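**Q** If you want the building blocks of each chain, they are given just below.
Number of protein chains: 2
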Amino acid sequence: MAGNPRIDDLMARFRERDRTALARLITIVENRAPEAVAVMEQLYPMAGRAHVVGITGPPGAGKSTLINLMIARLRAQGRSVAVLAIDPSSPFSGGAVLGDRVRMTAHYRDPGVYIRSISTRGSHGGLSRATREVVRVLDAFGHDTIIIETVGVGQTELDVMDLAETVIVVLVPESGDSVQVMKAGLNEIADLFVVNKADRPGADRMKAELEMSVHLRAGPGWRAPVILAQANAGVGIDELLAAIGKHREYLEMHRDQRRLGELRANELLEILTAEIEDRAMRALRNGAAPELLNAVRAGELNPYSAARRIIEDRKTLERLLSGEHRERN
Amino acid sequence: MAGNPRIDDLMARFRERDRTALARLITIVENRAPEAVAVMEQLYPMAGRAHVVGITGPPGAGKSTLINLMIARLRAQGRSVAVLAIDPSSPFSGGAVLGDRVRMTAHYRDPGVYIRSISTRGSHGGLSRATREVVRVLDAFGHDTIIIETVGVGQTELDVMDLAETVIVVLVPESGDSVQVMKAGLNEIADLFVVNKADRPGADRMKAELEMSVHLRAGPGWRAPVILAQANAGVGIDELLAAIGKHREYLEMHRDQRRLGELRANELLEILTAEIEDRAMRALRNGAAPELLNAVRAGELNPYSAARRIIEDRKTLERLLSGEHRERN
Numbered sequence: 001m002a003g004n005p006r007i008d009d010l011m012a013r014f015r016e017r018d019r020t021a022l023a024r025l026i027t028i029v030e031n032r033a034p035e036a037v038a039v040m041e042q043l044y045p046m047a048g049r050a051h052v053v054g055i056t057g058p059p060g061a062g063k064s065t066l067i068n069l070m071i072a073r074l075r076a077q078g079r080s081v082a083v084l085a086i087d088p089s090s091p092f093s094g095g096a097v098l099g100d101r102v103r104m105t106a107h108y109r110d111p112g113v114y115i116r117s118i119s120t121r122g123s124h125g126g127l128s129r130a131t132r133e134v135v136r137v138l139d140a141f142g143h144d145t146i147i148i149e150t151v152g153v154g155q156t157e158l159d160v161m162d163l164a165e166t167v168i169v170v171l172v173p174e175s176g177d178s179v180q181v182m183k184a185g186l187n188e189i190a191d192l193f194v195v196n197k198a199d200r201p202g203a204d205r206m207k208a209e210l211e212m213s214v215h216l217r218a219g220p221g222w223r224a225p226v227i228l229a230q231a232n233a234g235v236g237i238d239e240l241l242a243a244i245g246k247h248r249e250y251l252e253m254h255r256d257q258r259r260l261g262e263l264r265a266n267e268l269l270e271i272l273t274a275e276i277e278d279r280a281m282r283a284l285r286n287g288a289a290p291e292l293l294n295a296v297r298a299g300e301l302n303p304y305s306a307a308r309r310i311i312e313d314r315k316t317l318e319r320l321l322s323g324e325h326r327e328r329n
Numbered sequence: 001m002a003g004n005p006r007i008d009d010l011m012a013r014f015r016e017r018d019r020t021a022l023a024r025l026i027t028i029v030e031n032r033a034p035e036a037v038a039v040m041e042q043l044y045p046m047a048g049r050a051h052v053v054g055i056t057g058p059p060g061a062g063k064s065t066l067i068n069l070m071i072a073r074l075r076a077q078g079r080s081v082a083v084l085a086i087d088p089s090s091p092f093s094g095g096a097v098l099g100d101r102v103r104m105t106a107h108y109r110d111p112g113v114y115i116r117s118i119s120t121r122g123s124h125g126g127l128s129r130a131t132r133e134v135v136r137v138l139d140a141f142g143h144d145t146i147i148i149e150t151v152g153v154g155q156t157e158l159d160v161m162d163l164a165e166t167v168i169v170v171l172v173p174e175s176g177d178s179v180q181v182m183k184a185g186l187n188e189i190a191d192l193f194v195v196n197k198a199d200r201p202g203a204d205r206m207k208a209e210l211e212m213s214v215h216l217r218a219g220p221g222w223r224a225p226v227i228l229a230q231a232n233a234g235v236g237i238d239e240l241l242a243a244i245g246k247h248r249e250y251l252e253m254h255r256d257q258r259r260l261g262e263l264r265a266n267e268l269l270e271i272l273t274a275e276i277e278d279r280a281m282r283a284l285r286n287g288a289a290p291e292l293l294n295a296v297r298a299g300e301l302n303p304y305s306a307a308r309r310i311i312e313d314r315k316t317l318e319r320l321l322s323g324e325h326r327e328r329n
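Just so you know, the protein sequences line up as chains A and B, in that order. Here my numbering is used: position 181 in the first sequence is 181, and no number is missing along the way. Here my numbering is used: position 138 in the second sequence is 138, and no number is missing along the way.
Just so you know, not all the hints are guaranteed correct.
Partner residues are not named here, just some residues of chain B that face chain A (Cβ under 7 Å, in silico) [to be verified]:
#1 W222
#2 L263
#3 R264
#4 N266
#5 I310
Covered by chain A, according to a simulated footprint, are these stretches of chain B (three or more residues, beta-carbon under 8 Å) [claimed, not checked]:
#6 17–30
#7 198–212
#8 269–281
#9 299–308
Hints in this document: simulated from the structure, not taken from any laboratory. No experiment lies behind these values; they were computed from the predicted model shown. For every residue, glycine included, the Cβ atom is placed at its ideal position computed from N, Cα and C.
Generate the whole structure from the sequences, applying the supplied hints.
**A** What follows is the structure in structure tokens.
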């Protein structure tokens, strides 16, 4: 893939902070195009500077309003911001996410703000991987802060929060009692809690319960603060940004080299298996083992037996992974 | 794996319809244990008789009550039933699923009814694959009807519905207007609609809207009927079972060999890549490429470059996929 002129051109423009090149490279990475690994290989050393902040919570908690405020403050400090919204494509979400997205367009014309969404639909479990790589592209582009927004409706969306350094869980007094939050494992992922719409009844009680649960779970280390906010009145946003800053300082002071090594090793495994999978998929679809595939199609050969035969036959396997098979275009 | 005495013993007991052996084999398959492919290879020819019915809908629509009624009727007809509940582990679902599960225990002592749940938590995108294989184990065991229940809150759960031959979407008058149902793509997956709690206001309007939307989308072929039900009073259950039966007859009369061939080919691809992934994962974790892995851990080598080197180095790749590396136990 080295020396692909189209990719070289995109990369050159990307380095000059061309947003069209950024958008194209994200698409290449998101779609796992054959060039994706080569692109990521070049971008990898350019990334690692951004602060990645995750925001999750139930629909209607006011996440997008908070994000809009955060963008405004971060921009006022001269920081560039990217927002990556994970669109749950949920059949019962009622389309609130799209509406929220539209409200964010106030920042669309600001060249220091980049907003993009990734749909969970069609990503078939590859969402975490795709999101990590898109975050890395945004990071390599030079964004100071990258905000990942999910509506916490499913495990897939929650997994994405693992990618953030600082995770903010936004709740409202009506989100129910803290027992439910505990049961959902949200207290394990939260580095900060925001109780939004704090002018409503029950906000103080919720804050107290969350603080108690943080206290109960805590060993040594960071204790998630609970911030009362009223995002649509701008209340609590300064406290939130201060807490985000403190958490980042905490992380920098407590960088765990062993854990970092494990994360890198896991990433290698993930990249490797995804790449093997892509190659095998393309090769089989392009006719790398036609007899076996046809026998399976006709119901004459059990697909499990076919898979075992392919793996145990060194030549077929090599053909599958070499990338030497004819490509269909 | 051939000749593994523990697996041979489990298989022998499975053939004698031993439910403990069934449970163990499901666990082996669900956890992708190294024996899983060999197990599936043996079970594959035994499966293919069951009718696989999917039921989805928002929380609180009464799916579990409907399923309980369906079980009772199917049992009265002498049919054996398995229920596979996909547990969304959603942080905001409020635990309703567990409560529903408990209510199903009326059937737990009936040897013609088998109930099992699969958690989306931890399955990391492998849910569809895991579910398909568990369904096949249940099928091979001889269950006449297999019901897959999901709470339609996320894409992952919706993907699972692809595995069902007959998909029932359960709504309640409060589920909102049919526009939302359309937007969510539910009209594409539904073979039958149930408007449950039909004594509540808006049920007739919802039925009419759903029927209109079915009419609008329909080309030639099956048209999803809309059944009004009140599951907790037993109303509509006979109509539902009759419609399920009709849909199965329709499918049998319109079996599409080409589509079946494509499904089988896709299954081979899925099995193959999952197996390659498992082998590569195990081999790398067991020290198949220690220098590369350590360089990545130390941050000296970009994981994308490492992945490319492994794939392009035939010897390392072979070691990864041969299964000849030392296993850690």
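**Q** Hints first: check each against the structure and report whether it holds.
**A** Against the structure, the hints:
With a least beta-carbon distance of about 20 Å to chain A, the hint placing B/W222 at the interface is violated under the 7 Å criterion. Annotation: B/L263 was flagged as interfacial toward chain A, and the flag is violated, the nearest CB pair being 9 Å apart, outside 7 Å. At about 5 Å, the closest approach between the beta carbon of B/R264 and any beta carbon in chain A falls short of 7 Å, and the interface hint on this residue holds. Here the hint on B/N266 is broken, as its CB sits about 9 Å from the closest CB of chain A, past 7 Å.
Annotation: B/I310 was flagged as interfacial toward chain A, and the flag holds, the nearest CB pair being 6 Å apart, inside 7 Å. Counting residues of the stretch 17–30 of chain B whose C-beta sits closer than 8 Å to any C-beta of chain A gives 0, which falls short of three, so the coverage hint is violated. Look at the stretch 198–212 of chain B against chain A: 0 of its residues bring a Cβ nearer than 8 Å to a Cβ of that chain, fewer than three, so the hint is violated. Chain A is given as covering the stretch 269–281 of chain B, and this holds because 10 residues of the stretch bring a CB closer than 8 Å to a CB of that chain, at least three being needed.
With 8 residues having a beta carbon nearer than 8 Å to a beta carbon of chain A, the stretch 299–308 of chain B meets the requirement of three or more and the stated coverage holds.
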